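If you want the building blocks of each chain, they are given just below.
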Amino acid sequence: MHLSWGPEEVAFREELCAFLDEYVPPEFERGYDYAGEGEGEDGADIVPGWAREWQATLFDHGWMIPGYPPELGGRNCTLVQTLVYLEELASRRVIRSFHYPGYGIVSPSLLEFGNEEQKKLVPAAARGDTIWCIGMSEPNAGSDLAGLQTRAMLDGDRFIVNGQKVWTSYASVAQKCFVYVRTDPDVPKHKGISLLIVDMDTPGIEVRPLRHLSRSAGFAEVFFTDVEVPVENLVGGLNDGWRITQGSLAHERAGLWVEGVCRLDSTVQGLIGIAERYGRHTDAGVRRDIAAFYEQALSLRALGHKGFSSFAQGSSAPEHSYMKMATSEIGKAAAEYGMELQGAYGPVMDPERGEDNGRWVNYFFLSFANTIAGGSSEIQRNIIAQRVLGLPRS
Amino acid sequence: MDFSLTDEQVMLRDTARALLAKECPPILVREHVDDPTVALPLWSQLKDFAALGDGPCTDLCLFIEETGYAAAPGPFFATTALFAPLLAAIDHELLPAVLAGDATGTVAVAGADGQWTPNDEPVKTFVPEADRVDFVAIVGADARVRVVPSADVSTRHVRMIDFSRRFFEVDTAAVAGAPAAELDPATLTNLTARATAALAAEMVGTSRRLFEMALAYAKERIQFDVPIGSFQAIQHRLAECSLDVERATAAAQYAAMTLDAEDPERFHAVHVAKAAAGNAATRSAKDSIQIHGGIGYTWEHDLHLYLRRAVGSEYWLGTTSWHHDRLADLLMPI
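The listed protein sequences derive, respectively, from chains A and B. Quick note on the numbering used here: the first sequence kicks off at 132 and runs consecutively. Quick note on the numbering used here: the second sequence kicks off at 118 and runs consecutively.
FYI, nobody ran anything at the bench for these hints, they're computed from the structure. Where hints are given, some of them may not hold.
A few chain B positions that, by computed beta-carbon distances, are all more than 12 Å from chain A [unchecked claim]: (1) P143; (2) P173; (3) G231; (4) T242; (5) S271; (6) L332; (7) A356; (8) D377; (9) A397; (10) I412; (11) G413.
Distance condition first, Cα-Cα at most 30 Å in a straight line; then the derived DSS-like pairs of lysine-lysine [stated by the list, open to error]: (12) B/K403 with A/K463; (13) A/K250 with A/K322; (14) A/K250 with A/K320; (15) A/K320 with B/K336; (16) B/K403 with B/K336; (17) B/K139 with B/K164.
The structure displayed is predicted, hence computed values, not measured ones. Cβ atoms here follow ideal geometry from the backbone N, Cα and C, with glycine treated the same way.
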């Protein structure tokens with residue numbers, strides 16, 4: 132057990148920092164949490180031009196997915212180097228891409244499960260040249276994802292797709308979609324699901340932007356009516372789609388917690404700033420509350436690193452099951468506490484009157500999404516209880 | 118930062134775990150309630166590890182975590198986490214004997230207010246194991262240290278919630294003239310941080326014991342024809358509790374690493390560790406009782422032995438709230 136990184140990681144970080152110092156777009160100086168502000172109500176602005184250029188720059192310099200080889204936007208980094216990379220970016224509040232599905236889900240899934248033809252889609256997905264969306268959730272399949280009902284019937288050399296997806300992020304700007312469909316309704320639900328690649332301009336697809344409760348249009352409903360999909364767009368085997376739903380960057384799975392922890396850190400630093408600006412920092416109760424948030428943030432960062440250390444050594448790392456639930460739940464409480472500290476000004480969104488140019492309220496809204504998306508906190512607790520602690524299913 | 122254990126650390130932890138499972142079963146902790154002498158054979162085993170008192174904090178904490186798991190009674194914590202580091206800091210001649218396990222000691226700091234801060238009051242409070250160690254190091258005003266045989270001071274046992282760690286009032290008036298060594302106040306701050314990190318590690322062990330007892334019971338206790346652990350209400354309570362134990366484990370190890378590295382953030386880390394450990398200890402104690410139901414509320418069940426250790430530790434060397442307040446002083450200086 133020791134605190135510092137080795138000389139190799141230090142040198143790696145220096146090289147990364149030199150790149151970031153030179154290339155990070157000035158738009159990030161305001162912090163990526165603010166990106167939501169620019170989202171048009173039709174969803175058209177959710178991937179701004181400067182963000183596309185930034186992702187391409189990362190790819191071309193081998194800094195997009197450092198664990199990948201250069202032709203896929205990386206530099207064959209080790210696990211530890213990847214963690215250094217994720218921490219450095221998150222601590223600068225810089226993100227790689229404004230549309231994670233392409234590099235975060237589609238690329239690794241196609242590399243693992245796709246055929247040779249499908250793997251050719253990966254560089255454009257990772258570079259951000261193709262924007263992807265993921266058609267998973269449906270009106271009646273949220274936490275119970277395997278209950279999805281969008282139907283695909285095999286008809287000669289094509290599938291005919293009918294159904295509806297919802298909460299589909301980036302659908303309004305995407306060129307392609309990973310669509311999970313039911314191809315066999317007569318077997319247990321996990322065993323009748325397949326994965327299709329669908330071009331979003333295929334006739335029969337209708338995208339209706341769906342506004343977040345913050346009023347921005349970050350996601351959408353996607354309706355499929357007799358949509359024809361060539362049979363060669365099937366990824367993996369027929370009825371073998373469920374195991375692909377677990378796909379994410381294997382190189383980065385051990386560092387998925389980094390963003391959540393850094394977001395929490397930055398919220399806690401925000402609390403300290405608000406307390407000082409509003410004269411609350413001398414209040415004994417406020418001081419104790421903020422220290423308690425800091426305790427959570429620092430101990431969760433330590434837990435993330437502890438899990439990473441066992442993962443890097445080849446052990447399973449149950450620590451990671453805790454991180455998503457904990458950082459999102461504490462983050463939600465901290466965002467609300469930040470409003471509380473502002474008294475009557477807590478709910479002000481007027482940029483000339485509200486805290487952080489009126490954007491703190493957006494953190495409050497965003498914190499609700501974090502305890503739902505990607506597996507709700509309740510599902511995370513089920514997973515911890517059953518898979519980590521070995522309790523029997525109810 | 119790298120949390121992975123070296124082969125030597127794995128061996129140290131496994132050795133501690135096996136030794137304490139054998140030498141410190143619940144029955145010993147229970148018998149110790151009325152007869153502290155039953156802990157003597159345990160010390161004769163643990164004394165072989167007294168040298169940890171003057172080594173890396175990470176190693177000491179790995180071992181001490183296991184003593185917390187067993188709620189081990191006796192002078193190990195006082196000797197290795199309090200006395201030995203203090204002797205090392207003042208370059209005291211007794212140190213070799215202490216590290217060899219041939220002499221034991223404790224440290225007296227707090228006065229009437231119970232705070233671990235130097236003062237010139239003759240009566241010291243919350244001195245652990247003062248009647249069964251060979252020496253007492255008395256820290257007075259300006260961090261002057263007198264090391265005297267425990268036989269030269271008078272002690273009064275103060276009965277507390279935890280029977281496994283015994284606290285004493287120590288009247289030091291009789292040794293007021295004993296020669297004193299000068300201790301740099303900054304060094305005392307470091308020593309206190311080290312002791313606090315060790316206590317956090319110990320509490321992590323106790324929390325783990327309490328949590329494991331609750332988890333095992335949830336799997337075996339049948340109600341409504343199924344194990345109670347299949348109910349979501351129980352599952353979610355255990356999931357949250359295990360998160361707090363895991364979080365505290367990482368925080369305590371992190372604090373030990375920052376102390377070994379003399380990292381500038383080490384005091385932040387120690388306050389976080391003790392607060393997180395306090396949270397884990399009291400939560401796992403309360404949740405474990407709740408999940409055990411009526412059987413957990415009996416004297417016959419062993420649960421209260423560990424609950425007592427957990428709650429007693431929360432109040433020693435600063436409560437969770439006290440550490441939050443000190444942390445706030447670092448984060449928001451006024």
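**Study point:** Distance rule for B/A356, whose beta carbon must clear each one in chain A by more than 12 Å
**Key:** The assertion about B/A356 is violated, with a minimum of 4 Å to chain A.
Review point. Between A/K250 and A/K320, does the CA-CA distance stay at or below 30 Å?
Key: holds, 28 Å
Exercise for review: Measuring Cβ to Cβ, find out whether B/I412 lies farther than 12 Å from everything in chain A.
Suggested key: holds, 19 Å
Check your understanding: So is B/S271 really clear of chain A, every C-beta pair being over 12 Å apart?
Key -> holds, 38 Å
Review point. B/G231 clear of chain A by more than 12 Å, beta carbon to beta carbon?
Key: holds, 19 Å
Practice item. With a cut-off of 30 Å on the C-alpha distance, tell me whether B/K403 and B/K336 pass. Key: holds, 18 Å
**Study point:** Given pair status - B/K164, B/K139, alpha carbons within 30 Å
**Key:** holds, 16 Å
Point to revise | Restraint check for A/K250 with A/K322, where alpha carbons must lie at most 30 Å apart | key: holds, 24 Å
Check your understanding: Far enough from chain A: is every CB of that chain over 12 Å from the CB of B/T242?
Key -> Label holds. Min Cβ-Cβ 25 Å, cutoff 12 Å.
Exercise for review: Verify that the Cβ of B/P173 lies farther than 12 Å from every Cβ atom of chain A, and report whether the claim holds or is violated.
Suggested key: Nearest chain A Cβ is 8 Å from B/P173, so the label is violated.
Exercise for review: Classify the label on B/A397 as holds or violated, using whether its beta-carbon is more than 12 Å from each beta-carbon of chain A.
Suggested key: With a cut-off of 12 Å, B/A397 comes too close to chain A, as the shortest Cβ separation is near 10 Å.
Check your understanding: For B/L332, is the shortest beta carbon distance to chain A beyond 12 Å?
Key -> violated, 6 Å
Hints 2, 6, 7, 8, 9 from the earlier list are contradicted by this structure; the remaining hints agree with it.
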